[in-house]
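If you read the sequences in order, they're chains A and B. Note that my numbering numbers the first sequence so that position 87 is 151, with each residue one more than the last. Note that my numbering numbers the second sequence so that position 151 is 770, with each residue one more than the last.
Don't read these hints as lab results, they were simulated from the structure. A couple of the hints might just be wrong.
[Said to hold, decoys possible] Calculated cross-link-like contacts (lysine-lysine; reagent style BS3-like; alpha-carbon spacing at most 25 Å):
{"id": "1", "chain 1": "B", "residue 1": "Lys-648", "chain 2": "B", "residue 2": "Lys-671"}
{"id": "2", "chain 1": "A", "residue 1": "Lys-164", "chain 2": "B", "residue 2": "Lys-671"}
{"id": "3", "chain 1": "B", "residue 1": "Lys-686", "chain 2": "B", "residue 2": "Lys-648"}
{"id": "4", "chain 1": "A", "residue 1": "Lys-164", "chain 2": "B", "residue 2": "Lys-648"}
{"id": "5", "chain 1": "B", "residue 1": "Lys-671", "chain 2": "B", "residue 2": "Lys-647"}
{"id": "6", "chain 1": "B", "residue 1": "Lys-822", "chain 2": "A", "residue 2": "Lys-225"}
[Claimed, not checked] Here are the in silico distance ranges between beta carbons for each label pair:
{"id": "7", "chain 1": "B", "residue 1": "Gln-761", "chain 2": "A", "residue 2": "Leu-94", "range": "27 to 35 Å"}
{"id": "8", "chain 1": "A", "residue 1": "Phe-123", "chain 2": "B", "residue 2": "Ile-849", "range": "47 to 55 Å"}
{"id": "9", "chain 1": "A", "residue 1": "Ile-100", "chain 2": "B", "residue 2": "Ser-667", "range": "55 to 63 Å"}
{"id": "10", "chain 1": "B", "residue 1": "Gln-639", "chain 2": "A", "residue 2": "Ser-93", "range": "47 to 55 Å"}
{"id": "11", "chain 1": "B", "residue 1": "Glu-682", "chain 2": "A", "residue 2": "Trp-199", "range": "45 to 53 Å"}
{"id": "12", "chain 1": "A", "residue 1": "Phe-123", "chain 2": "B", "residue 2": "Leu-753", "range": "46 to 54 Å"}
{"id": "13", "chain 1": "A", "residue 1": "Ser-93", "chain 2": "B", "residue 2": "Leu-837", "range": "20 to 28 Å"}
A quick note: this is a predicted structure, and the numbers were derived from the prediction, not measured. For glycine and all other residues, C-beta sits at the position ideal for the given N, C-alpha and C.
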Amino acid sequence: MEEADAAEGPLPGIRPAHLLFVFLPHGASLALGSSISVFLNILFPLCLVFGLMVLLNLFLKPQHIAEFLGKRGGIQGVLLTVTTGIISMGPIYAWYPLLKELRERGVSNSLITIFLGNRAVKPLLLPVLISYFGWAYTIILTLLTLLGSLAVGFTTGALVKDQTGSSGPE
Amino acid sequence: MEIEAVPNPGSSGGSGAGMQVVALALSKKVNAVLTGYCSPTAERYLLSHDIKVFRGVSGVVAELVEKFKTANLRDHPEVIQEPKLIGARVNKPTLLQALTRSYNQFMNLLPILLGVVLLIGLFNAFVSREFVSLMFSGNKGQDTLLGASIGSIFAGNPINSYIIGGELLEHGVSLFAVTALIITWVTVGLIQLPAEMVALGRKFALVRNATSFVLAMLIAITTVGVLDLIKGLLP
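Next comes chain A alone, as it looks inside the complex:
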């Protein structure tokens, strides 16, 4: 209710957007037309995103991510962490409590960092990235982001001492 009131502004029933159409009708029409055009451009990629979301939700449960993150050390551990980072969803802060717990269990700073870095790689959203920037750009950016997450992970692991017995990649 409060949100609705705030959106209404000081005069009931009159929103800032309405004022824009009253005082700057040409600019407001241009803005609306541009927004519709942008939305139409992303409509098909958004449909693909929804389809990928359904597939992921069908075959993957969130608890699997927690189970596998930091389960093993070595290269296998890194690969599992990269995978879990990529498939993890939701806002980053929602993952902090779990990451804190896992670190207390001995998961290394490197793996925590690699997990966070790989959240930038989102297969679900690739249709939108491709529609704006093309295939070549998307592939290069994705590969470099993956490699970059490892570099940030190992750097952070080297600079910040682990809390307890590590299950890190070393």
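Got chain A; can you put chain B on it based on the hints?
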């Protein structure tokens, strides 16, 4: 065997659901918990009360209890059945569950996405290319730094950064700056930095964010460099 079935207080799966189940297990004075997943916190509580935890268990309750009684499980207090990262039987209920979950996730994403689309409309209508070129000078280094800085301040779903980046590109902003913005949007978080410090430690949060920021600029420069190289090689 005497059986008592009780409703699962954590079936909603919301915040604190796991601890409600822990409280129930303690009140019923159980000896063991057989579960598909148990959070680290809940497991710690259960173990501290001498309740064994068997994770990764799935199937028919009666069969699992029978297995437990015949000591198949009791001899293996570790995870008895590793969950598969990918793999589930697809049937009508699971499909419906996946569709509902996806619909909810999509609906959560949509308001901000539509807000961004409307803002981009305003940006396109009222902000000229000249104004944008005042901010982004065309200098690769400065533009990349500015793009990375903007991405570090903003947070949220990366889809918004793709749309904003795509529109900035239309306004003549360099791909270096746009790429840096897209990377730091997710990997660097100034707004959530305090929360990260609290959860994972001050030094960890600062080092991770600083390293991610520097590397985002390097990745941006390399991405555009490689892309230009590929385009140069193609006829």
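Exercise. Looking back at the hints listed earlier, which ones does the structure fail to meet?
Worked result: 4, 8, 13
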